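**Q** We have chain A; now place chain B onto it with these hints.
These protein sequence lines map, in sequence, to chains A and B.
Quick note, the first sequence lines up with residues 3 to 594 if you use our numbering.
Quick note, the second sequence lines up with residues 9 to 242 if you use our numbering.
Keep in mind the hints are simulated off the structure, nothing from the lab.
Wrong hints could be hidden among the right ones.
[Unchecked claim] One side of the interface only, derived from the structure: several residues of chain A facing chain B at Cβ under 8 Å: (1) Val47; (2) Pro48; (3) Gln51; (4) Pro229; (5) Glu253; (6) His254.
[To be verified] The calculated lysine-lysine pairs, modelled on BS3-like cross-linking and capped at a C-alpha distance of 30 Å, are: (7) A:Lys582 to A:Lys334; (8) A:Lys213 to A:Lys490; (9) A:Lys199 to B:Lys201; (10) B:Lys201 to A:Lys237; (11) A:Lys160 to A:Lys199; (12) A:Lys270 to A:Lys160.
Note that the coordinates shown come from a computational prediction; the quantities given were computed from them, not determined experimentally.
Where is the CB? At the ideal position from N, CA and C, for every residue including glycine.
Residue-level listing of the chains:
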Amino acid sequence: MTTRLAPVDAVTIGVGLTGAMVGHELTQAGLKVVGLERGSARFTVPDFQAPGIHDELRFSIRKAMMQDNVREAVTFRNTSDQVALPIRRWESFLPGTGLGGSFVHWNGQSFRFQVADFIYRTHLIQRYGKKFLEACGPELSVQDWGVTYDELEPYYDKFEYLLGVSGTAGNIKGKILSGGNPFEAPRSRDYPNPAMKETYFGALFRRGVDKLGYHPYPQPSANLSRPYTNPLGMKLEQCVFCGFCERYACEHFAKASPQTTILPVLLKSPNYELRTNCQVLRINLDNTGTRATGVTYVDDAGREFEQPASMVYITAFPINNVRMLLLSGIGKPYDPRTGQGVVGRNYSYQTTGGPTVFLDESINVNAFMSSGAPGTMIDDFSGDNFDHSKLGFVGGQYVGSIMTGARPIEFHPTPPGTPAWGSEWKRAVARHYNHTILLQQHGTSTSSRLNYLDLDPIYKDAWGLPLLRMTFDFPDNDIRMSQYIADKVVEIGHAMGGKVVARGGTRRPYAVTHYQSTHNAGGAVMGDDPSTSVVNRYLQCWDVPNVFSMGASAFPQNGTYNYSMTIGALTYWALDAIKKHYLKSPGPMVHT
Amino acid sequence: MRTAGLNAVKTAVGLAALLGSVHSARAQDPVRAPDPKNGAVIIAQGIGTGVPACAQCHAFNGESDGSGAFPRLAGQSAVYLAKQLRDFASGIRNSAVMTQLARSMSTEQIADVAAYYANMNAPFPPLKPLDPTLIMRGKQLARVGSTSDQTPSCNACHGPDGAGEPPDIPYLAGQYSPYIALNLQMWQRGFRKNSPESMAAVASRLSPGDIQAVSAFYQQVRDSLAASVPSEGH
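The following block holds chain B by itself, in its conformation from the complex:
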């Protein structure tokens, strides 16, 4: 039923997108339904209260630039995106840039922006191919985990090859490798602690090489140019 439930959520999101609004029943969410059109305006133009246009770093379609300094947001769960913005605002999640910016946004504006990016279906930019042996090691960690130190597989929570388990668990498939690597280090060192403590526990078992490997694997999962490792599960 879990899968059926997720499909139902996806269908509901899809239908709501057609109708021009996304409804979420989460307690923390604003009373009015999120308005992705308003989200689009904020993303393109920013808000007068010191919020620059999101598109400057994340692009209007949520693809972000290819540098990996900024995460890809397109198609990420609205619940997850809104929670991250609220966590930046409250300081549970730390970022010199995002914390200031999120604090200047209202709960409604956060929901609107999240709803807009959640509905985007942006292309995956062509990226420099990564080391195939690194990818193979990453694939092993992502799908099976590490038998030697009993690290569970990433896919166990993040879905088949990192497709995500919305609403709470973000996708990793196609996310930029430097961003994944940075965040695993943040979990390891306690700078990020805004979800159940399992992420910190898992991250703490990874070596620097493991982090590079899983990050590389997930980046190329959605990359049409990288044919070095066949992908399964979608």
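One chain only, chain A, in its complex shape:
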């Protein structure tokens, strides 16, 4: 039996970053908002306090903060002629669950995307020609976002000040500034806080890339370099480099998260109600199929409720946004055989994996003292910062010395040729543990008509609903790109003093059995054309205009960088338009 609840103005499916942002902006506008979170409530005190929060076995190995894949897994295959199997242990990517979502266990690596990223197709054709792009791979489905960097800039700015991002500006209003990233898209003002202190592995990297003529800069970080009070009055503290950031929550209020930047203010609003342990099953549509009437969810006692709402915001982990659309019958599912349909289309990921640099025993790296975003970086190979015309691929990667803590269970660097176990392995770990630097290559993932998300025909979740099926392998273009840059990074490894440099770079097939990135993107992409996008430039569903799909599922393809800042900027951008236009006259904000 389903209990029908009193209607509200808006409901969010998920209370992570975008759910908290939607809640705050809409309650400020006077709307009644209900936040439905499938996981539990949790706060810095008491849930994130040390020493319990530094339990590497619990959080890094057993993934305590991630989606319960006994109840709700994702099935995976490389190509559409294979049978997909459920991922029962998260390794390649880590979808968070619980109040605050993945924005609790993130690292705080806080980049903006570049100007060209938002007009990617237009830009590539202008610079290299249509034939070049086709030659990179006929399967590539690169497209523009429908929003430009200049339009998003004020919202990047607002989001950076919400989080208190620490960095050194490289480009303020077109003026290139020393110490920052000269390739940075122009920003209207400086970061709210100065950059974090450079680590020793960062300093060694800087020495190496200086020799080669590249342009090092400090990684922008949402682990703060000093105490900061954000525009909502939330007080954040200075990061202590404890070495437990990614996969963990911060006990010191030093990492920007919904808990440290928005939620305490939002939860005090009389217009807001948070309901945790509530699993949304579907968005309900009226009999025309063009208007959502609310959502149906199950609480942790197994009771089913219908929550009527004038607006529905899908604010889940990106791939779960896509699943919610598919389960609710919103938008036409993508069919890879015909290329028709949009929901699930253009799922993209991230190309990662750099070399391991083995140093002399006299050099103590001490990487166990680290933050989540401690890097020294170069952008010389990011995006389209270098000439691709002779290279036969599009895209690029940043390169950085980013070690987020050399924790004992996970970090055992050994040079190639070392046995995988036994006394020789132990000797090698002891020899190299504190004298090894991991370099990061991290970059674009080009969307392809072969990669997509749909509902699995076989496997179901704990509520009897089909699991999401992921069909993905890296396009050859991305492998060529990653391998080209891998050679350059080996040179950097030697220039910074590496005695042995084990080459990195991405290879096929993509495997879900080792960690790569939690930057799953696309599947419900934004754009100007309803035949190639699910949502318009304001993240509003073309087919059901009172449903909004927030977050990285809207990216038509993934850019070079860690994507959280772009998620925040897009969310603020969409909410601003919704407040200015939609609330006054509900209906489609873009007409085709």
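**A** Same frame as chain A, but now just chain B:
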């Protein structure tokens, strides 16, 4: 690795103590290795340049007297102790008595005294039992923090029940309650600001009652006579 690193430091300190010297690689420290024997002489007799014997207030073994006017120094990290003396000398940390005295000591003498006290393993004097409800409240703040105003737990930085996270973070376990309370008030009011600003931020969230409670809890952690609250973590 963090824990292993700390153990390695402790082992190194222990070995060095056997060999009669403690080596520290900190940049501010003197070039020569600290000499705890010289430290012992200064502690017993003072220095001619206007430094009275440290033992007068802190006792020869660093136990100090039980009044709580003077902190216990025995077994405190040498790096931490030396930094406090340098901060008294530079005026970043304020004390009418200690500032004058630290200014009359050389960098080497500071390191020697710190090395001596760091190696001491002094007993904990029997103290008047404290209010058990106060201790329970303090234990909550020390281990979990305060959920109502989101004050983080003290143990998050100061180690299991205040055992310390050497070299930089001092132990609180067994420290005298009046001394802890006074220093929390100093942080609150800005008289003490010689470490990352987090101490001031945390202290500013504590009520006078909270301060009495955490101070009481940490004092009795090492007190063998106080069996009111069982202690964990060592």
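**Q** Can we keep the A:Val47 interface hint, with Cβ of chain B closer than 8 Å?
**A** With a minimum Cβ separation of about 4 Å from chain B (threshold 8 Å), the hint on A:Val47 holds.
**Q** Given the hinted pair A:Lys270 and A:Lys160, is their Cα-Cα distance within 30 Å?
**A** Holds, at about 22 Å.
**Q** Is A:Lys213 close enough to A:Lys490, meaning Cα to Cα at most 30 Å?
**A** Answer holds: A:Lys213 to A:Lys490 is near 13 Å, not above 30 Å.
**Q** Decide if the proposed pair is consistent with the structure: A:Lys160 and A:Lys199, CA atoms, cutoff 30 Å inclusive.
**A** Status holds; Cα separation ~24 Å.
**Q** Need the status of pair A:Lys582, A:Lys334: alpha-carbon distance at most 30 Å?
**A** holds, 29 Å
**Q** Given a cut of 8 Å on the nearest C-beta pair, is the interface hint for A:Gln51 held or broken against chain B?
**A** holds, 5 Å
**Q** For the hint on A:His254, just tell me whether its beta-carbon gets within less than 8 Å of chain B.
**A** Given a least distance of 6 Å, the restraint on A:His254 holds.
**Q** Against chain B, with CB atoms and a cut of 8 Å, does the hint on A:Pro229 hold up?
**A** Since chain B brings a Cβ to about 5 Å from A:Pro229, closer than 8 Å, the hint holds.
**Q** Run the distance test for B:Lys201 versus A:Lys237: straight-line Cα separation, threshold 30 Å.
**A** With a Cα-Cα distance of about 19 Å, the restraint between B:Lys201 and A:Lys237 holds, given a limit of 30 Å.
**Q** Between A:Lys199 and B:Lys201, does the CA-CA distance stay at or below 30 Å?
**A** The hint holds at about 20 Å.
**Q** Holds or violated: is there a CB of chain B closer than 8 Å to the CB of A:Glu253?
**A** Constraint on A:Glu253 satisfied, holds at 5 Å.
**Q** Was the hint right that A:Pro48 lines chain B, CB cutoff 8 Å?
**A** Since chain B brings a Cβ to about 4 Å from A:Pro48, closer than 8 Å, the hint holds.
No hint from the list above goes unmet by this structure.
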